[in-house]
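Chains as they are written, first to last, in my numbering: chain R, 635 to 769; chain X, 635 to 769; chain B, 635 to 769; chain Y, 635 to 769; chain F, 635 to 769; chain Z, 635 to 769.
Source of the hints: derived by calculation from the structure; they are not laboratory data. Warning: the hint list may mix true and false statements.
Pulled a few chain X residues facing chain Z out of the computed Cβ check, cut under 8 Å [as the list claims (entries may be wrong)]:
hint	residue
1	Arg636
2	Val637
3	Val695
4	Lys699
5	Arg762
Calculated cross-link-like contacts (lysine to any residue; reagent style SDA-like; alpha-carbon spacing at most 25 Å) [unchecked claim]:
hint	chain 1	residue 1	chain 2	residue 2
6	Z	Lys642	Y	Ile681
7	B	Lys642	Y	Asn669
8	F	Lys706	F	Ala724
9	X	Lys745	R	Arg636
10	R	Lys642	B	Asn655
Just so it is clear, the structure is predicted and the values come from calculations on it, not from any experiment. Backbone N, C-alpha and C fix where the C-beta goes; we use that ideal spot for every residue, glycine too.
Protein chains: 6
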Amino acid sequence: MRVSVFRKAHFNAAHRLHNPNWSDERNERVFGKCNNPNYHGHNYNLIVKVTGEVDPDTGYVMDMKVLSDIIKEHVTDVLDHKNLSLDIEAFADLNPSAENIAIVIWNILRKQLDNKYDLSVTLYETERNYVEYPA
Amino acid sequence: MRVSVFRKAHFNAAHRLHNPNWSDERNERVFGKCNNPNYHGHNYNLIVKVTGEVDPDTGYVMDMKVLSDIIKEHVTDVLDHKNLSLDIEAFADLNPSAENIAIVIWNILRKQLDNKYDLSVTLYETERNYVEYPA
Amino acid sequence: MRVSVFRKAHFNAAHRLHNPNWSDERNERVFGKCNNPNYHGHNYNLIVKVTGEVDPDTGYVMDMKVLSDIIKEHVTDVLDHKNLSLDIEAFADLNPSAENIAIVIWNILRKQLDNKYDLSVTLYETERNYVEYPA
Amino acid sequence: MRVSVFRKAHFNAAHRLHNPNWSDERNERVFGKCNNPNYHGHNYNLIVKVTGEVDPDTGYVMDMKVLSDIIKEHVTDVLDHKNLSLDIEAFADLNPSAENIAIVIWNILRKQLDNKYDLSVTLYETERNYVEYPA
Amino acid sequence: MRVSVFRKAHFNAAHRLHNPNWSDERNERVFGKCNNPNYHGHNYNLIVKVTGEVDPDTGYVMDMKVLSDIIKEHVTDVLDHKNLSLDIEAFADLNPSAENIAIVIWNILRKQLDNKYDLSVTLYETERNYVEYPA
Amino acid sequence: MRVSVFRKAHFNAAHRLHNPNWSDERNERVFGKCNNPNYHGHNYNLIVKVTGEVDPDTGYVMDMKVLSDIIKEHVTDVLDHKNLSLDIEAFADLNPSAENIAIVIWNILRKQLDNKYDLSVTLYETERNYVEYPA
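Extracted from the complex, chain R is given alone in its bound form (with noise of 0.2 Å):
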């Protein structure tokens, strides 16, 4: 009776891609338009994926409106109307990639989480450009 639940949640954000031991004319030609120095941003839609048993006293994988509050907490309110590039401490010497900003938010949340749930993250940077992690 192993059932996947999914919640759905939304931040506004600017970054930069950026490779600071590239030359300017590498990461330009690389990440071209991503690279503009004064930012750009995106609102990102997250989905969380909690795997697991279904609970026979409430029906539930797990309370949503818990899985809920660990996002916002732990993830939206952190990132929300932040410059990625400049005021999240785990892009500090990581760039901002739709894939690693997965990693990290996987990361997050996993700790926040019993070892019982599988836990996968859906994070579109865009309507037409998203990634899950893990894969």
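Once you have looked at the hints, place chains X, B, Y, F and Z on chain R.
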């Protein structure tokens, strides 16, 4: 040449989350506003996923019209504009959480489909909360 | 420099369409499955449109956080996870059709907004059925 | 035989809401997290509405490919992956609120379209907040 | 107490944009890939808007089931899975642009609705291109 | 550190479902209105999923601009505004069902991508019917 085919459907229903073995206080604490004794409701969106081999004569895994008719006859015509807690026998002794509704729908559809097909169902209780069974 | 600003919100509720002055037969004939005596329900999506001059100091017609808080306090916290037919006094003698719910919400919000603003509300009962007031 | 035609486009940008004539405290109080000095960002969705007579030779109000190219050249290629507050001259002395961005876009497009057409623009800052100009 | 009610429907069809009074070269230049002599196709989404007074006995502007049945019988059952250019008489001498399809649908529906109602139709040819008639 | 990245694209095309080895009666019975000899059409939405390791220098599984260009050059520019049954050689002897179109697109893209990547494609024929290959 195994392909998954997906068909979306929808139904609108009322329900109440409640465990009759618990006190009112505990029900209220665990289920919160979902425990309203007068019920509340949702537009449920359902995605049925059927996986199988592509038939070389038709190019179909299965005829989507047939799948659509099965979903309509056995699921959405049964559940639409109903109070799941009061009108549907499957929930007489089962809390109509999204997880349990998905399992009930899966069990209904499993009996209608040839064993050569794999089946899973995704049920959206809202745009922000949904479940998938089996995980 | 008049601009319209729009804010989306949502609530989940049960209701029943019923005219107490009519026979059961007539209610059933006119309202069909929406007349289920055990209620059914919807995820209602609400769009509130406010039209006014842009304030040159802020660039705002009005602060969307203020508008969002007004909608939450006076509309969605009041209606969410309720049975409109049983729990909401405005529908004690008024059929909770999408049209009437929209008019009730408009009347609530009109009192909360400065008269310099024009107001209209759009209410989605489902993705396929929605209403706008005033027309 | 007047018909309105609509074309959707999108761009991703950073911005900061700030009034340079105000103290930091007042900016923070009025604009809240939108005042983050390091900027934040959005995926902006734009809908351009053009109204006119249907040309009997083509069945078109105007060629949507032409409209799409005008939007791309004069709006989305200019604003995409930019910091509106730093990179775009129109916002050098104008707060880049959704209202003001919509007015700026309308002014740009108005110059590119024949006077026989009526024009309005709708700008989504998020899925939940959007504006329309003129009202 | 005038309210607008909206009903969404859809149909899938092939078409070709072509003016028989023009040379092949001019058709190709004006209509581009939409002039493919072998046709191309779309999933058309239709929104029908009906405006009128709310009936105090029902709370309805009009019964959405009745409106839905009218749309199905007179529009979507007629146009669905058809080649608009070849199968539909209304387009024998009329280019099936989105603008003209919307006008044809409006003319069909106008005859089915009581004159006390105002009517407009919005037709999505794609998610990015749509038209509204009357403007 | 394997992550899946997804890119959405779209194309509009006509097609007809038909098995040339069958009688007209059997084709009509099996394929219904999809067998219309004059064709019908769809807005196809395509999601391409590529799975691989995150490159520590870029934070990318692969550059989404490169993936987007591959999809455009090899898939959507080839299929857009075409009649799949008449214009596309891959369907000369293959019924253009959603299942078969997805397999054809997968085969095209597989040749364009490094073997270190896993690939799957999801193809929406309508908002309600879609397929995924491989399952």
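If any of the earlier hints don't hold here, list their numbers in rising order.
-> 5 and 10
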